[in-house]
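From these two lone chains plus the hints, build me the complex, please.
Given next are the chains, with one letter for each unit.
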Amino acid sequence: MKVIIVGCGRVGARLAKQLDAEGHQVTVVDQLVSAFNRLGRDFGGNMIVGNCIDEAVLRRAGVEKADCFVSVTNGDNRNLMAAQIAQRFFKVPRVITRLYDPIRQSVYREMGLETFCPTSLGADLVRDYFLTGVNRGHETADDPSTVGAS
Amino acid sequence: MSPAGEPPYVIIVGGGKVGYHLARHLIERDYEVTLVEKDAVRAEWIEHQLGTVSVMVGDGDEMAFLATTGIERASAVIGTTGDDEDNLIVCQLAKTKFSVPRTIARVNNPHNVAVFKALGVDAPVSATEVLMGLIEAELASELVRGVAVKASGACLVDLALPAVSGFVGKPVAEISLPKGGIIVCIVRGGRPVVPAPETVVEAGDELVVFSQLTDVAALGEAVARG
Chain A
1 MKVIIVGCGR VGARLAKQLD AEGHQVTVVD QLVSAFNRLG RDFGGNMIVG NCIDEAVLRR
61 AGVEKADCFV SVTNGDNRNL MAAQIAQRFF KVPRVITRLY DPIRQSVYRE MGLETFCPTS
121 LGADLVRDYF LTGVNRGHET ADDPSTVGAS
Chain B
151 MSPAGEPPYV IIVGGGKVGY HLARHLIERD YEVTLVEKDA VRAEWIEHQL GTVSVMVGDG
211 DEMAFLATTG IERASAVIGT TGDDEDNLIV CQLAKTKFSV PRTIARVNNP HNVAVFKALG
271 VDAPVSATEV LMGLIEAELA SELVRGVAVK ASGACLVDLA LPAVSGFVGK PVAEISLPKG
331 GIIVCIVRGG RPVVPAPETV VEAGDELVVF SQLTDVAALG EAVARG
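In the order they appear, the protein sequences are chains A and B.
The first sequence begins at 1 in the working numbering and counts up one residue at a time.
The second sequence begins at 151 in the working numbering and counts up one residue at a time.
So here's chain B without its partners, still in its complex pose (with noise of 0.2 Å):
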């Protein structure tokens, strides 16, 4: 770890889309970086474009040249390339010949999260599984709609739970609903159960809510976050 009152050191393997705006982001943070980029082209822009940023050329799977960019003092080490095999070994060497204390991966292909897991990166992030999970729950929000009672402006809607919903394993005292809903009937396996307060909301349900027409859009942005 960097010693109290230095910004902390982080080397960041991969100058694309996703190492570029990362190095550029953390140092407006005031971490001290270095990208590490093996087509010199690019290195050169990148420089350019950032200014205050060491970019070394190289390849950050390269036991020696790793040694040279102060890999033993970096706090983190971050694989950004588009090839997991090179993010994955970049993080083994760094953690098993260089002790650094944190390793984080970017993960290509969701398949390989647990992959990487069972192989000893600290953090595997699939950038595909956060955009899946973001846009089931825009999906939701954008899929609920409401039957009208009567012509009051009211009405029930039927909520499928999306599986990140915050929702799940909170008992319906707990939820809190746009203004004044209320949860009438939880749909759980096919049946209906009448909810009390205590009763624990399941993956899998679906919620059937009274509301205010002019409520439906918020209801699934609320089913969505928790």
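Here chain A stands alone, though its shape is the one from the complex (with noise of 0.2 Å):
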């Protein structure tokens, strides 16, 4: 799969390491240079210094051939104008954003994007927690920086 991922910040830069790992044809895009360490020595997929929300930094990025889009920079506007352009400007089949403010997430969910909310997958955990004792928030994988690395 060509995947975009927009915001290398902790979730974006775990995401593009363990799809690229996979194999996947991986382009990251963030504003600062400095945010791609998070990608470590032996990221092999594209870096793109650039503002997500400018059609003309996405093209260059590859989204018009993309196959997946997921925006995660730390502002929901940003990533619901980036997921939107993405969606609808350049018709990438599968469109996915992160969103912290649940209100927001139903609105633009009614609106047709794919989003999803830590806050309130957070808040879900936790409760599911202190009713069954079973916490959940352990079963996510390995660090994909040291899978395959004993």
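The hints are simulated quantities; they were obtained by calculation from the structure and are not laboratory data.
Once the Cα atoms are required to be at most 30 Å apart in a straight line, the calculated BS3-like pairs of lysine-lysine come out as:
#	chain 1	residue 1	chain 2	residue 2
1	A	Lys2	B	Lys267
2	B	Lys267	A	Lys65
3	B	Lys245	A	Lys91
4	B	Lys167	B	Lys188
5	A	Lys91	A	Lys65
Right under this line is the structure:
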């Protein structure tokens, strides 16, 4: 798959490393060069420095031929705008965006956007632990940088 | 829409330079205005300056907050922040959740005008684009130079049409030049065309005009204006 990830924070970088290690063609976009340090030395994908809500930058990242697009910058509105450009303007088949605000999530879900909300996911996780004693927070995969390192 | 007799109600999101001056201008024209500003200190300053305007401190992109601004009776919502993503989301929320009839957004990056339109903003306005058009026109009027015909006071002027010129699409007969200027030749694709009254001026044409030396600057302005 050709994947574009905008926002090279903790989530973006982790996802990029995972998909790259699994053999996908990954392009990461971030405004700050220093953000790419999170990808580590083994990352084999592309890195584009630029503003993710500028269609010229997204074109440079190969949005026209992308199969998947995810926006995980630290701004909800920025994520929403980037995702809508990818979905409606460039017709990327699979687009998903992170939103911290659950209300905005429900609005844009109605408008046909795939979203995920760490705020509600986190709250649900904690609530489940309190009620059942099972912590699903430990069920996630190992950090990709340590996979196969043993 | 507002009922007859009542002033139209407009919500401006973003109390920077653009939002502040716009609010002031609209109040002078008897609009009812609410200005939304995130920063409490800035909001207080604006309230102090404008007196009559209602300034609300809050996030224009928070649904719950927007619902407290009387948005359902607004005839227009205008996003004037310096961030395109915020202006877009405000307009989309206003349109889809509150059925505001007209949404207007300041577009900071001129690349985004087409994107805003595709994503449902009624009127994206790019100050940069407007400014570029005006500067280009100014530049065109500055760049006009005449070649004097002997010492007769007359000259030949080569006018490259700027993209914004109102001359484009008009037949020669309908083009009015200052004080009896005459189009003696149209240079099209590097070749001279002898103009007939019905010859239509195209984008990219250069006009060779016979004129008075004293009218050269006015000619440049005429071309820019159309």
